[in-house]
Each structure stands twice: as C-alpha cells, then as structure tokens.
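With these hints in hand, go ahead and build the complete structure from the sequences.
Residue numbers are given in the UniProt record's numbering: position 149 of the sequence shown equals residue 149, and the series is strictly consecutive.
Hints in this document: simulated from the structure, not taken from any laboratory. The model shown is predicted, which means the values in this text are computed figures rather than measured ones. A few of these clues could be false.
[What the hints assert, rightly or not] The calculated label-pair distances, taken between Cβ atoms and stated as ranges, are:
1. Leu-145 / Met-49: 23 to 33 angstroms
2. Phe-42 / Gln-114: 27 to 37 angstroms
3. Ile-20 / Gly-53: 31 to 41 angstroms
[As the list claims (entries may be wrong)] Straight-line alpha carbon distances no greater than 25 angstroms define the calculated BS3-like cross-link-like pairs of lysine-lysine that follow:
4. Lys-117 / Lys-166
5. Lys-56 / Lys-111
6. Lys-166 / Lys-56
7. Lys-175 / Lys-111
8. Lys-175 / Lys-117
9. Lys-56 / Lys-175
10. Lys-56 / Lys-10
11. Lys-111 / Lys-166
Every residue, glycine too, gets a C-beta built ideally from N, C-alpha and C.
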Amino acid sequence: MLALEVEFTKSQVVAAIPGIFFCAWYASKKHWLANNILGLAFCIQGIEMLSLGSFKTGAILLTGLFVYDIFWLLFPTADSTRPFSMLGLGDIVIPGIFVALALRFDVSRGKESQYFKSAFVGYTVGLVLTIIVMNWFQAAQPALLYIVPAVIGFLAAHCIWNGEVKPLLEFDESKTSSSEEADDAKSSKKEE
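Encoded structure:
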C-alpha cells in the first residue's frame, strides 16, 4: 500500500482560498476575468520556477518560439463582432523567464537592476506594438513576432552601449548559484 504525505505552508493555504474561488467561478461562468486571473497565476508561477540558465539559451529559445501559442488570455474590446482579443500565455511566460534572467544577472553582479529594466521595457514595447498592429489590421498577430526582437534588441543595445556583451553572454546562472552557495558555506564556517 502506498502512503501519500502532503504538507502545506500557511501561505499556500491562504492562497488556496481565492484560487478555489476563481477556479469555481471560471468553471461555472467561463468569465474572461476569471480566465485571465488563472492565466496570470500560471504565468507568475512559471516565471518564478523556471530558469533558462544563460542568455544564449534564452535567445535561442525565444527565437525558436516566434509563433508559440497554445493557451490564450482574453481582453475585452469595444467591437461587438469581436468581443475579445487574445494573448497567449506563452507570450507572457517565455519572454518573462528571459526578463527574470536579466534580473538575476544584475543581482549576481551586485548592481542596480539596469539590464532587467532594459529587458522589461523591451517587453512592454513589444507588447504595445503587438496590440497596435492587431487593432490596426483587425486580425490576430503572433505576439512573439514583436516581443522577442524588442526584448532581445533592447537588452543587446544596452549591453553594447555599456561594452558588457561578453559578461552577459558568459553568464551562466547554474555556475553563479553554486559559487554563491560555496561562499555562504565558507562564511557560515567562519562564524562557527
């Protein structure tokens, strides 16, 4: 017989209450707002838990996922013939992981979040451009077609401007994490 042991933290229990509410609301009404709240929760969780490891991997992944669209977020429009416009969760999560990597790069260097800001501004510009083009042509657009060049372009331009392309391309999060753990272990031994 298999024994199953499950443990929850207080924050998980507290978060489960609105989570159950939104799941029930979505299941019963299929309301666009419930759909978006659940979608954003998945996005935040994915960005928090997933890591690309390096900017090379991130750039290759983003470039390969220009047309990635499986799940959709719905945004109400004023057009009664098209009541919703759509944005895929992949359009949020995949570039979001890349933007989070830029933040980790800044943190690993002990500097202000300068490259994170560039990547985030690039994402925002790409998203706004997607919405403008979608409304201009009154047709769905592959958002990553605009978001990926903007995110990578803004970050690349900033690195080139600062002359820090090499450190960015050589950044490997797994090596940084293990060196930080080694430093923490050394400092805890000194305290003993």
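Consistency of the hints with the structure:
1. Against the hinted window of 23 to 33 angstroms, the Cβ-Cβ separation of Leu-145 and Met-49 comes to about 26 angstroms, which satisfies the hint.
2. Here the CB-CB span from Phe-42 to Gln-114 is close to 29 angstroms, well matched to the stated 27 to 37 angstroms.
3. The hinted window of 31 to 41 angstroms between Ile-20 and Gly-53 holds, with their beta carbons roughly 35 angstroms apart.
4. For the hint pairing Lys-117 with Lys-166, the CA-to-CA distance comes to about 19 angstroms; that is within 25 angstroms, so the pair holds.
5. For the suggested pair Lys-56 and Lys-111, the alpha carbons sit about 21 angstroms apart, so the restraint of at most 25 angstroms is met.
6. Proximity of Lys-166 to Lys-56 is assessed by CA-CA distance (about 11 angstroms); at most 25 angstroms being required, the pair is judged to hold.
7. Our distance criterion of 25 angstroms between C-alpha atoms is met by Lys-175 and Lys-111, whose separation comes to about 18 angstroms.
8. Proximity of Lys-175 to Lys-117 is assessed by CA-CA distance (about 23 angstroms); at most 25 angstroms being required, the pair is judged to hold.
9. The suggested pairing of Lys-56 with Lys-175 holds, with an alpha-carbon distance near 15 angstroms, which does not exceed 25 angstroms.
10. Between Lys-56 and Lys-10, the direct Cα distance comes to roughly 38 angstroms. Violation of the 25 angstroms bound is thereby established for this hinted pair.
11. Distance check on the hinted pair: Lys-111 and Lys-166 sit about 17 angstroms apart at the alpha-carbon level, within 25 angstroms; holds.
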